[in-house]
Amino acid sequence: MAEKKVRFIIERQDGPNEKPYNQEFDVDYRPGLNVVAALMEIQKNPVTVDGKKVAPVTWECNCLEKVCGACMMVINGVARQACCALVDEIQQPIHLQPARTFPVIRDLLIDRSVMFESLKKIMGWIELDGSWEVKDAPIQNPYTAQTAYEISHCMTCGCCPQSDFIGPAPTVQAYLFNLHPLGKFDAPKRLNALMEKGGITSCGNSQNCVEVCPKSIKLTTYLAQLNRDVNKQALRNIFNK
Amino acid sequence: MFHTTFYLRRLHSLCGLLVLGIVLFEHIFTNSMAIFGPAALNGALEMMELIPKPIFLGLEVCGIAIPLLFHGIYGIYIALQANNNPQRFKYIRNWNFTLQRWTAWFLVVFLVWHVGYLRLYVKGVTGTPISFELLQNFFQNPVVVFLYVIGMWAAIFHFCNGITTFCMTWGITKGPRSQNVIGIISMGLCAALCLVTLVFMASYFMY
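Going line by line, the protein sequences match chains R and P. Residue 424 is where the first sequence starts when you use my numbering, and the numbers rise one by one after that. Residue 32 is where the second sequence starts when you use my numbering, and the numbers rise one by one after that.
By construction, these hints were calculated from the structure, which means they are not laboratory data. Since the structure is predicted, the reported quantities are computational estimates derived from the model, not experimental observations. Ideal Cβ placement from N, Cα and C applies to all residues, glycine included. Treat the hints with care, as some may be off.
[Unchecked claim] Not the full set, but computed from the structure, chain R residues with beta-carbon under 8 Å of chain P:
| hint | residue |
| --- | --- |
| 1 | E619 |
| 2 | N631 |
| 3 | T644 |
Hey, can you work out the whole structure from these sequences and the hints?
In structure tokens:
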């Protein structure tokens with residue numbers, strides 16, 4: 424009996440400035456097969472459908488349980504995690520492309536450092552050290568803890584489209600740290616950072632971010648809250664001087 | 032540190048909704064008078080002529096020309112940055128995002144023609160007052176009628192979708208429910224105003 428095959432059409436690129444090209448691979452079907460597992464099969468035996476042996480496809484993955492965000496790629500036109508993209512649930516042939524909202528390093532491997540730079544811009548951390556005694560952690564506000572927990576699920580995967588806009592993910596992280604009992608001291612700094620060019624004002628309200636977020640974070644709700652906070656901060660900047 | 036982009040974007044939002052929104056409503060209101068016949072429209076136009084010329088010109092420059100130029104020129108800069116992808120993300124808000132920019136591009140061209148011809152050339156250069164008869168004559172060409180209806184619809188959609196995004200931008204509607212409710216209300220308003228436009232445009236062929 425002929426084995427069932429799954430056809431993959433992969434957009435490859437040999438280097439950051441090389442031209443992209445497509446290659447097709449067949450992978451043996453097995454129940455529960457996901458895109459990462461299929462890419463591992465291709466890595467073991469990188470032979471195209473024409474029988475040509477090629478360099479194995481490069482991609483990134485880590486946790487394999489939709490927690491780390493590393494395996495984000497464009498699958499059938501939609502940015503998502505490859506580890507939880509089950510072959511049974513998506514249309515075949517399966518088209519894989521790198522997420523071109525980021526610079527492509529090679530094949531499906533992208534450079535996400537812009538998101539890290541954005542997190543630095545919005546002060547995505549809590550200042551713990553200072554001229555004070557470091558004690559036990561303060562308690563979280565029980566009324567906002569659930570929201571904070573939800574936003575903390577963000578794995579900076581980059582599914583929410585990043586452009587010259589700082590991006591929904593890092594922007595909403597500013598709200599997470601503003602909610603923190605110690606982080607809130609730096610809230611004006613974060614809000615001022617969001618006012619800069621490419622900050623929250625570059626959001627076009629297309630709301631694609633909330634639709635594609637694999638962690639179902641209510642990004643648009645927190646963006647609207649941040650809009651409110653940023654506007655108040657702007658008024659303080661003008662009238663408190 | 033002065034956040035120029037932030038204040039320009041917020042000014043763009045305020046100017047579009049409040050100032051140009053009033054201009055749009057004034058246009059719809061005055062033009063609806065055509066429904067009641069030539070006398071009603073000409074009466075409404077003459078009423079506006081009662082405002083002293085310097086004040087009227089001041090209102091036109093400060094209330095229409097400057098806000099429109101700012102909103103239009105800065106809007107072009109914003110629209111150029113957009114990545115319209117409704118084919119890929121077929122969500123309503125994403126379609127509205129794209130339509131907001133498509134209507135903007137159409138309006139840039141349409142308003143250059145509309146303001147340039149009717150206000151600057153006909154009223155300004157030739158000194159002919161705008162009247163029901165003049166517009167009726169102008170609308171004898173079906174292409175002009177078609178472009179004017181599309182122009183009005185584009186402006187109405189751009190304004191109504193602007194209400195929804197204004198509420199998000201200013202943090203008025205935060206959660207998905209309130210954003211949806213405002214979205215539905217503004218699209219209802221859009222449909223109603225589009226219908227009104229059709230009726231007053233049709234009245235030029237009734238009388």
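Next item on the list: Using Cβ atoms only, decide whether N631/R comes closer than 8 Å to chain P, and label the hint accordingly.
Entry: Holds, about 5 Å.
Item checked: Residue hint T644/R, partner chain P, criterion CB-CB below 8 Å -> Holds. Min distance 5 Å.
Next item on the list: Double-check E619/R for me: the hint is only fine if its C-beta lies closer than 8 Å to a C-beta in chain P.
Entry: Holds. Min distance 6 Å.
Every hint, counting from the list given before, is met by this structure.
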